[in-house]
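**Student:** Listed here are the chains, written in short residue letters.
Protein chains: 2
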Amino acid sequence: MRQIKNIKDKKRLLEFLNSYVSDNKKQLFDKIIKYRTRHLTVVLEDIYQPHNASAVLRSCDCFGIQDVHIIENENTYEVNPDVALGSSKWLDLIKYNSKKNNTLDAFNTLRDKGYRIVATTPHKNDQTLDELDISTKTALVFGTELRGLSDIALDNADAYVKIPMYGFTESFNISVSAAIILHHLSEKLRKSDTDWKLTEDEIIDIKLNWAKTVVKKSDLLVETFNQRYNK
Amino acid sequence: MRQIKNIKDKKRLLEFLNSYVSDNKKQLFDKIIKYRTRHLTVVLEDIYQPHNASAVLRSCDCFGIQDVHIIENENTYEVNPDVALGSSKWLDLIKYNSKKNNTLDAFNTLRDKGYRIVATTPHKNDQTLDELDISTKTALVFGTELRGLSDIALDNADAYVKIPMYGFTESFNISVSAAIILHHLSEKLRKSDTDWKLTEDEIIDIKLNWAKTVVKKSDLLVETFNQRYNK
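Chains as they are written, first to last, in numbering that gives the first Met the number 0: chain A, 0 to 230; chain B, 0 to 230.
Please note: incorrect hints may appear among the correct ones.
A pair counts as met if it fits within one copy or between any two copies, since identical chains are not told apart.
Taking lysine-lysine and the DSSO-like style, the derived pairs with C-alpha atoms no more than 27 Å apart in a straight line are [said to hold, decoys possible]:
#	residue 1	residue 2
1	K196	K161
2	K196	K33
3	K33	K123
4	K99	K161
5	K161	K88
Treat the hints as calculated values from the structure; they're not laboratory data.
Just chain A, same shape as in the assembly:
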């Protein structure tokens, strides 16, 4: 199927698909898209327990983080439907699994898009969540449960952030630490002057995906649309 690139044509396709979407759902999409952001993004490196990765996806959806970058050097990631509660279908999951070093591939791809790479781990040069500057686009990298982030991820990060802890226990489960970090930074971002919102073009692309998710046989409808209007 030919990819529609022109924003006017995309808008027409969205209008066409939307005629099959209930008013309730359309209102929900309109409400939720306003809070979505790509200013913050999440990177998961080799998460091996699906329920942990799924819980992170759920937090991303709840706090409006649209993109999740999944690095698969060793572990192939499958969504656990019980834990993700369907949240993965509303997110853009971008996988990195075809290169010799997928961590570097992900970091380079994100840097090209203007992201600063922030490893979420205690480190000699770390900052607290409060101290971390998120005025530029920020990719938050989370590591495996057992070994934390790889040396390659640690060596190639631009900054390190940690959750301040005051007790005997000095670590959190990854789903808990991701939730704390995403809650804190997304609230901080929304209160700031930073322009964190999606562009009109991004909004249409995401709404198209959401409409395709809820409309039955949307592939056929898109094809019909293309044949009719978009030769």
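Assemble the complex: chain A is given as a structure, and chain B must be docked to it using the hints.
**Tutor:** Chain B in isolation, oriented as in the chain A frame:
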């Protein structure tokens, strides 16, 4: 064994037990006790999955919340050692399981100690974490995974707090929501002018418990101490 009530005697007992505690541990205790608070406290109502309750204990320890009140109307709570990572031994766990209605018993006990009861759940009169006033002592009540808080808990709470959410998914696992709430409110408390610290008396009691936890056969030592100095 007779309970020592006099602060001077308690100090002498602590000094005696501390002679069996390593310098490293004593320094750790001194560091951690400074961050402990009873200004915020946690109440768990009928949590039936031990790994969830244990994850909440871990968050309490990490964020310096000393007391956890455990209401057992239906479920008997056991600590899951894998998830709690030993955090329960550094906390004061107070159980309510002997009355006809243990939820009311816990709420009344806490109100007598000056606590405001805050149910952590979306509600028609709820506030966000930012809006919640924590200048007075605050007990945060968390409910079961399946049904949320009981009607009795909801009807008898003084206030309701929720985590702002912006996505399709509208709920969190209890261990995740407790971690977000405790992180947010404990940071807010530490930055405020509120006097959240423990009293000297409380510090000695807690340090005595910690010393008893790490010193072998501490019961015998306490008895020896009582016989020698405290007839």
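**Student:** Does each hint fit the structure? Answer for all of them.
**Tutor:** To see whether the hints hold, each was checked on the structure:
1. K196 - K161: both (25 Å within a copy, 24 Å between copies)
2. K196 - K33: within (7 Å within a copy, 41 Å between copies)
3. K33 - K123: between (37 Å within a copy, 23 Å between copies)
4. K99 - K161: neither (29 Å within a copy, 44 Å between copies)
5. K161 - K88: Between. Shortest inter-copy distance 25 Å satisfies the 27 Å Cα cut-off; intra-copy 29 Å does not.
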